[in-house]
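Peer 1: Chain by chain, the residues run as shown.
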Amino acid sequence: MSTCTANIYGLGRAVRGGIKSGLTGRVRPISELDDIDGLVRTYRARLLRFVAYSTGDPDLAETITQDALLRAYNGREKFRGECSVSTWLTAIAINVLHDYQRTEKYKFWKKVKSSAIDVQEMASFIPANGLGPEGQLLAREKVKHLSQILGTLSHNQRTIFLMKFSEEMPVREISEVLKMPVNTVRTHLHRALKAVRGQLGTTI
Amino acid sequence: MTNEVSTHLSEEDLHDVLIGMSTPEADTHLAQCQVCRDQLEQFRATIQVFNQASLAWSEARPAMKLHAGNRFKSRALVFAPVGWALAAVALLAIGVPVWKYDHRSTFHNSPAPVTVPEDSEAQIAQDNDLLQSVNAVLTANEASPLSEYHLTDRPHPRVKARPELRNR
Numbered sequence: 001m002s003t004c005t006a007n008i009y010g011l012g013r014a015v016r017g018g019i020k021s022g023l024t025g026r027v028r029p030i031s032e033l034d035d036i037d038g039l040v041r042t043y044r045a046r047l048l049r050f051v052a053y054s055t056g057d058p059d060l061a062e063t064i065t066q067d068a069l070l071r072a073y074n075g076r077e078k079f080r081g082e083c084s085v086s087t088w089l090t091a092i093a094i095n096v097l098h099d100y101q102r103t104e105k106y107k108f109w110k111k112v113k114s115s116a117i118d119v120q121e122m123a124s125f126i127p128a129n130g131l132g133p134e135g136q137l138l139a140r141e142k143v144k145h146l147s148q149i150l151g152t153l154s155h156n157q158r159t160i161f162l163m164k165f166s167e168e169m170p171v172r173e174i175s176e177v178l179k180m181p182v183n184t185v186r187t188h189l190h191r192a193l194k195a196v197r198g199q200l201g202t203t204i
Numbered sequence: 205m206t207n208e209v210s211t212h213l214s215e216e217d218l219h220d221v222l223i224g225m226s227t228p229e230a231d232t233h234l235a236q237c238q239v240c241r242d243q244l245e246q247f248r249a250t251i252q253v254f255n256q257a258s259l260a261w262s263e264a265r266p267a268m269k270l271h272a273g274n275r276f277k278s279r280a281l282v283f284a285p286v287g288w289a290l291a292a293v294a295l296l297a298i299g300v301p302v303w304k305y306d307h308r309s310t311f312h313n314s315p316a317p318v319t320v321p322e323d324s325e326a327q328i329a330q331d332n333d334l335l336q337s338v339n340a341v342l343t344a345n346e347a348s349p350l351s352e353y354h355l356t357d358r359p360h361p362r363v364k365a366r367p368e369l370r371n372r
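One line per chain: the protein sequences are C and H, in this order.
Residue 172 in my numbering is what sits at position 172 of the first sequence, and the numbering runs on without skipping anything.
For any residue, its number in my numbering is found by taking its place in the second sequence, counting from 1, and adding 204.
To be clear, the hints were calculated from the coordinates, so they are not data collected in a lab.
Do not rely on the hints blindly, as some may be mistaken.
[Claimed, not checked] Computed cross-link-like contacts, SDA-like style, restricted to lysine to any residue with a CA-CA straight-line distance of at most 20 angstroms:
1) C:194 to H:225
2) C:194 to H:290
3) C:194 to C:155
4) C:194 to H:240
[Stated by the list, open to error] One side of the interface only, derived from the structure: several residues of chain C facing chain H at Cβ under 7 angstroms:
5) 48
6) 120
7) 122
8) 126
9) 127
10) 130
11) 137
12) 143
13) 171
None of these values were measured; they are calculated from a predicted model.
The beta carbon of each residue, even a glycine, is placed where N, CA and C say it ideally should be.
Using the sequences and the hints, build the whole thing.
Peer 2: This is the structure we're talking about:
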């Protein structure tokens with residue numbers, strides 16, 4: 001069992017195992033991290049999506065994503081290539097998010113202002129994929145409904161759900177990134193799936 | 205691959221399949237049960253559409269200038285000597301003319317040095333003669349205050365008090 005550390009700025013999170021798992025199922029070369037433009041180009045959108053849905057706040061997600069990418073670039077020497085870059089970035093983003101959540105400034109701004117994801121706007125980004133107008137409309141409704149359901153989940157359930165079904169991380173890797181027992185991750189996923197599938201009902 | 209299965213997977217079994225922790229029994233059942241497979245496929249299709257839409261939404265958001273800070277730092281290191289050199293040139297370009305102007309104006313504004321020639325004895329005697337002659341001319345023409353007001357510099361004779369007044 002190997003270790004993929006996301007030990008950036010002393011945060012000390014580690015990802016054990018699942019070396020070749022993750023989004024693409026292959027280990028990326030370390031040199032990929034040396035090009036910050038490439039890093040942003042390749043991973044920014046996925047990371048932003050994950051953080052945006054995890055926090056429910058796109059503006060905050062922009063800041064966290066930017067911070068996470070910058071930390072990854074600055075700490076690229078610490079990446080040993082034992083897991084996918086995507087997994088490593090996700091771990092860093094979670095650490096950054098935890099850092100933000102601990103600050104008084106974050107608590108203050110959460111009370112004062114919180115931008116939410118515009119579900120209507122997001123649903124309009126459905127690719128054609130050969131769908132007719134009716135299929136597009138149906139797909140848009142599904143996306144809107146699922147977005148709304150995700151908003152009703154607890155933070156842990158939502159984050160783990162996204163890690164599993166959007167980031168396509170295996171349960172063991174999620175447990176390592178979140179420092180959570182596998183069974184706890186499994187329980188969160190079961191509850192999230194029950195809520196999602198139960199509320200989607202006939203739309204799926 | 206048939207639908208002739210009497211029982212289907214429970215919700216928990218389906219969830220385990222979705223999260224990648226299925227049992228061999230569940231896998232065997234799925235291989236035979238179209239209904240359960242359809243349930244899983246419907247969910248996966250919904251997730252796929254959601255992922256596509258959310259990723260497209262995320263990609264459409266304006267990208268931040270993440271590289272600016274880092275590149276600026278590295279460029280700052282590279283161009284630091286050039287910057288200092290330019291600053292020095294600018295300082296000289298401004299400072300030298302200002303100093304020159306200031307120095308020149310100080311030179312022009314300062315009073316010219318006065319050379320005091322040494323007076324010779326003859327010159328002093330000549331000056332004294334001149335002054336005495338001037339004094340003599342002025343004294344001759346000037347009316348004396350005594351004569352002007354008909355005064356005399358001799359003391360006035362004392363007036364004796366009358367005896368009758370003294371005996372009173």
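Peer 1: Which hints from the list above does the structure break, by number from lowest to highest?
Peer 2: 2, 6, 10, 11
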